[in-house]
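So the protein sequences, as listed, match chains A and B.
Quick note: the first sequence uses my numbering, first residue 1, plus one each step.
Quick note: the second sequence uses my numbering, first residue 1, plus one each step.
It is worth saying that the hints were derived from the structure and are not from the lab.
Treat the hints with care, as some may be off.
As the list claims (entries may be wrong) - Derived coverage of chain A by chain B (criterion: at least 3 residues anywhere in the stretch with Cβ under 8 Å from a Cβ of chain B; other residues may be distant):
#1 110-119
#2 262-273
Claimed, not checked - Within a straight-line C-alpha distance of at most 20 Å, the following computed SDA-like cross-link-like pairs (lysine to any residue) qualify:
#3 A:Lys294 - A:Phe219
#4 B:Lys294 - A:Phe219
#5 B:Lys294 - B:Ser68
#6 B:Lys294 - B:Tyr46
#7 A:Lys294 - A:Ser68
#8 A:Lys294 - B:Ser68
Note that the Cβ used here is the ideal one computed from N, Cα and C, for glycine as well.
There are 2 protein chains.
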Amino acid sequence: MAELNVDPYADLYARRTSGMSASEVRALFAVASRPEVVSLAGGMPYVQGIPQEDVFDVVAHVVSEQASTALQYGGGQGMPALRERLAMLMHEEGTEADPEDMVVTTGAQQALDLVGKVLIDPGDEIVVEAPSYVGALSAFSAYEPRFVQIELDDNGMVVERLEEALVKGARPKFVYTVPNFHNPAGVTMSTARREQLVALCREAHIPIVEDNPYGLLRFEGRSEPTLRSMDPQNVIYLGTVSKVFSPGLRVGWALAEPGVLQRMILAKEAADLCGSSFTMLVTERYLSGGRWRKNLQGLVDVYRSRRDAMLAALDEHFPDDATWTLPAGGFFVWVTLPGYFDTQAMLAAAVERRVAYVPGTAFHPDGRGRDKMRLAFCYPTEDDIVEGVRRLGALLADEEELYRSLSG
Amino acid sequence: MAELNVDPYADLYARRTSGMSASEVRALFAVASRPEVVSLAGGMPYVQGIPQEDVFDVVAHVVSEQASTALQYGGGQGMPALRERLAMLMHEEGTEADPEDMVVTTGAQQALDLVGKVLIDPGDEIVVEAPSYVGALSAFSAYEPRFVQIELDDNGMVVERLEEALVKGARPKFVYTVPNFHNPAGVTMSTARREQLVALCREAHIPIVEDNPYGLLRFEGRSEPTLRSMDPQNVIYLGTVSKVFSPGLRVGWALAEPGVLQRMILAKEAADLCGSSFTMLVTERYLSGGRWRKNLQGLVDVYRSRRDAMLAALDEHFPDDATWTLPAGGFFVWVTLPGYFDTQAMLAAAVERRVAYVPGTAFHPDGRGRDKMRLAFCYPTEDDIVEGVRRLGALLADEEELYRSLSG
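Same shape as in the complex, but just chain A (with noise of 0.2 Å):
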């Protein structure tokens, strides 16, 4: 950055300004968004999917009927008649919500800020998986935290590491998990691991934030129940309709016990006043109909197969010693390669090569990562996938080569 150089208000910044900092990955994804390039990198989800005229009638219905409120400022927690449909999305998944106990947001993204804001002082320790979702180790990352990084295995969080963590001293505030396929690794939890989880964070005194945008979007097999329904009163739950109706709309909540709740609403009135009204009223009138329900099996349906179309392509282009999760659900596919590659290092080479990835530091507060990928299936067509993921098999073909032509 080298305006900083020359910056008069260098003086000025707040200390909570130096983790934020833009990384050289994102210059790479500006040249990544040319459309030669095959995007296996960002989780956009399939927009396309949702009929037009499905949003045509909500967006027309709500300006025909209701433009006084959409136009309006609303309340700081969000409007009853969405949260009681935002409720109902989580029934979906077994999980009972009272619509009182709920603040509507800014997508899950704004949750995330707020549950920092309310919840962390500068060194306050607090639980992320490794990896971890990278726009939770953003949000949180301004409030100056120490990371404590307990690693996942194909079952989700390896609590035992946790429970070690705690025994040796570990006072955080909180933990964060992304239970259902998770960003950026694919796995989920498993029950048993829920369980001894909200067993050790009850008797721990720890809240969990549970963060689950993609818990709908399951592929096959069955559902496990959500920490929250395990734990209402330790579990601070965060959702979206991100991923089940439109990123574009920035609509997502949070459900906390009353001390909680009160804070983050404060905190959001504080940050913004109050959330959209106008993208309030589409969401709650595009999740009263039956529409939702076809359109979201649509959605599964196309990101099953999208999923099965990278599993093949990993298969068949990459490398024997590489390994990947086999994720039931969700966006997202988790690539462990042999401990001499350097992802990151080879990102401008793939998209020299016309194809885009996340590299794994991106996941870690602490540089760890360098032999990972994430790969998402999300976004592009079965077609790109398969091309995306050949050519990033034979980049990796090439690596290992020279790898073995210098150390040989």
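Using the hints provided, position chain B relative to the given structure of chain A.
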């Protein structure tokens, strides 16, 4: 907040939450929203002044032509096409703006939050006006500053007082001001004061945060130059479409030099990833035709008539020893009562008499302002304004009589 007595998280909250409290005023406002109460409290714009067919046209265009963009994530800085329209709005007030220097925010309120996040460390001094916009005080308070309050007169901030504070050793991170049609004071900073303020802050190396939600709502007279136009390098400018179009879309913006801007964009991405693509496109489309200008003129005419109705009613119904400001635009009249009045204590009695206002204490961080009240003329009809001021005047007369009988 009774529930806090048994709040299991009581020991976990961040220190910054200690300043977040739901005021008693809030509870009264819930009562004040009953239809029989004339509310002179809220600053809700008269969105019914925007013809429904204009909204329908705009929204139908967005859904028909840009649905997949409207429903998708966007960039953290906000859409380039919208930023161009917002620069055009600033041009209306004679301020040149480069869309590259702009970040789109969730109303101007989020811009206030981002300014605080990027510039305030706990204990830092910041300058605000006395009185000051309550939402700015809330947004900044989350970052635990010490407020340096500088009084206003009919020509806006008394810059000599700021100069004195600096001489006495104040070292504020920034100076926050609402120069046009101040909220809550209704006054406008004179050209001379603007020149004084800009020169002083430039000399002292203190950025100015200029919040200008009402600038285009001028009822008479000539526009003052924005502070930003007088010193672009040292002024962070905040704007919003909430008052010229709709607050329900939550579209505002900040204009800042590159170092501050980049940090605000990163902070915005951490806080909510991006704004609503849908409401950005709707706003862009609305501002692209000629209708916004005609509709704005209509709104200004309505607000002017309501201002006139309020000022006439105050003359008729308020005590001789009360004074008030004479706003040339915007939403608010600021009333100063004789010192024995306590507008906070009196609010419950006012609501009982079916009229509401905001007590002056809301606009000071330190409990000052008990003899002041903010009256908003933006939302109620002229008849309701007259009736509301009449009810308030009767209450003031009774209170005055009570005071004289007790002290006589």
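A quick look at each hint next to the structure:
With a cut-off of 8 Å between beta carbons, the segment 110-119 of chain A has 5 residues touching chain B; three or more are needed, and the interface restraint holds. For the segment 262-273 of chain A, the stated coverage by chain B is satisfied: 9 residues place a CB nearer than 8 Å to a CB of that chain, which reaches the threshold of 3. For the given pair, A:Lys294 sits about 15 Å from A:Phe219 by alpha-carbon distance, which is consistent with the 20 Å threshold. In summary, the hint linking B:Lys294 to A:Phe219 is not supported, as the alpha carbons are separated by about 52 Å, beyond the 20 Å threshold.
At roughly 30 Å between alpha-carbon atoms, B:Lys294 and B:Ser68 are farther apart than 20 Å, so this suggested pair is violated. Proposed proximity of B:Lys294 and B:Tyr46 is supported: the alpha carbons are some 15 Å apart, at most 20 Å. The suggested pairing of A:Lys294 with A:Ser68 is violated, with an alpha-carbon distance near 30 Å, which exceeds 20 Å. Annotation: proposed proximity of A:Lys294 to B:Ser68 holds, straight-line Cα distance about 19 Å (limit 20 Å).
Hint compliance for this structure: hints 4, 5 and 7 are not met, and every other hint is.
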